[in-house]
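Let the sequences and hints guide you as you build the complete structure.
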Amino acid sequence: MSGDRPQYGASPGGEVPVCPRHPDRPSYVACQRCGRPVCPQCQRPAAVGVHCVDCVAEAARSRPVHRTSLGGRVPRGSALLVTWTLIGVNTAVYALQWLAGLLGLNLTAVASYAPFLTASEPWRMLTSGFLHSVANPLHLVLNMYMLHVFGQMLEPALGRARFLLLFLVSVLGGSLGVLVLAPPFTFVVGASGGIFGLFGALFVLQRHLGRSITPILVLIGVNVVFGFVFPGIAWQAHLGGLAAGALVAVVYTTTARRRSRR
Numbered sequence: 000m001s002g003d004r005p006q007y008g009a010s011p012g013g014e015v016p017v018c019p020r021h022p023d024r025p026s027y028v029a030c031q032r033c034g035r036p037v038c039p040q041c042q043r044p045a046a047v048g049v050h051c052v053d054c055v056a057e058a059a060r061s062r063p064v065h066r067t068s069l070g071g072r073v074p075r076g077s078a079l080l081v082t083w084t085l086i087g088v089n090t091a092v093y094a095l096q097w098l099a100g101l102l103g104l105n106l107t108a109v110a111s112y113a114p115f116l117t118a119s120e121p122w123r124m125l126t127s128g129f130l131h132s133v134a135n136p137l138h139l140v141l142n143m144y145m146l147h148v149f150g151q152m153l154e155p156a157l158g159r160a161r162f163l164l165l166f167l168v169s170v171l172g173g174s175l176g177v178l179v180l181a182p183p184f185t186f187v188v189g190a191s192g193g194i195f196g197l198f199g200a201l202f203v204l205q206r207h208l209g210r211s212i213t214p215i216l217v218l219i220g221v222n223v224v225f226g227f228v229f230p231g232i233a234w235q236a237h238l239g240g241l242a243a244g245a246l247v248a249v250v251y252t253t254t255a256r257r258r259s260r261r
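The sequence shown runs 0 to 261 under numbering that gives the first Met the number 0.
Keep in mind the hints are simulated off the structure, nothing from the lab.
Among the clues, some could well be false.
Unchecked claim - Ranges of calculated distance between the beta carbons of each label pair, as one might list FRET restraints:
1) GLY231 <-> ALA94: 15 to 25 Å
2) LEU125 <-> LEU98: 14 to 24 Å
3) GLY231 <-> ALA91: 16 to 26 Å
4) VAL217 <-> LEU98: 33 to 43 Å
5) VAL148 <-> GLY231: 22 to 32 Å
We put the beta carbon where it would ideally sit given N, CA and C, even for glycine.
Following this line, the structure appears as structure tokens:
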């Protein structure tokens, strides 16, 4: 065998194979994967027979990757890594907002977005999507709940990178909606633009897959109306995120069709 693996041989008398890791131990069992003799200490149970420690380590390094129908790549066993990471980041930032308030600092004012700040501090268009109202914990809870629900549907279908790109572009789309539709001194925070982007993407993907779009249309309609009825909700960010997410999903499905034809 080549590479870094120990080579196996025979006992000094030449009759019995020995474990390559423990040459003083006769080994009457062979690894089902590489065929080398393996002593009891180096044996690892497998579906059929045993594997040696080297084959187990090699299998762990080359963990299989699931390719989605839209071309994304998701290593098995970690399909919601991006979803949980985004939830964790939003929650951690909320905790920082709260702690900063106790120290007399206003983190929200530093990273929230308003249209008049676009030219001087454009990064706020993204950072505002990870802030939430400290006075209203339900703002964070509802957004994170929806992120988890739709992350379960979209991240395994798109893959990690495409799902993350979809969310970030949707956050920026939400800020763009505020820039175009809201007064210049309207300050906004919240992941709602990114969440509505997931709504729009799911609508496009459901149509692409030939599935019923009625449930997602009802959900979008209720949430859009909700933003107009209740004060203090940035409906402009909702519409901007919705449009951005739908556009990103159109790009994904179009490229998927081209790959399918090839």
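Going through the hints against the structure:
1. GLY231 <-> ALA94: 15 to 25 Å: holds (23 Å)
2. LEU125 <-> LEU98: 14 to 24 Å: holds (22 Å)
3. GLY231 <-> ALA91: 16 to 26 Å: Hint holds: Cβ distance 24 Å, inside 16 to 26 Å.
4. VAL217 <-> LEU98: 33 to 43 Å: holds (39 Å)
5. VAL148 <-> GLY231: 22 to 32 Å: holds (23 Å)
Consistency note: the structure conflicts with none of the earlier hints.
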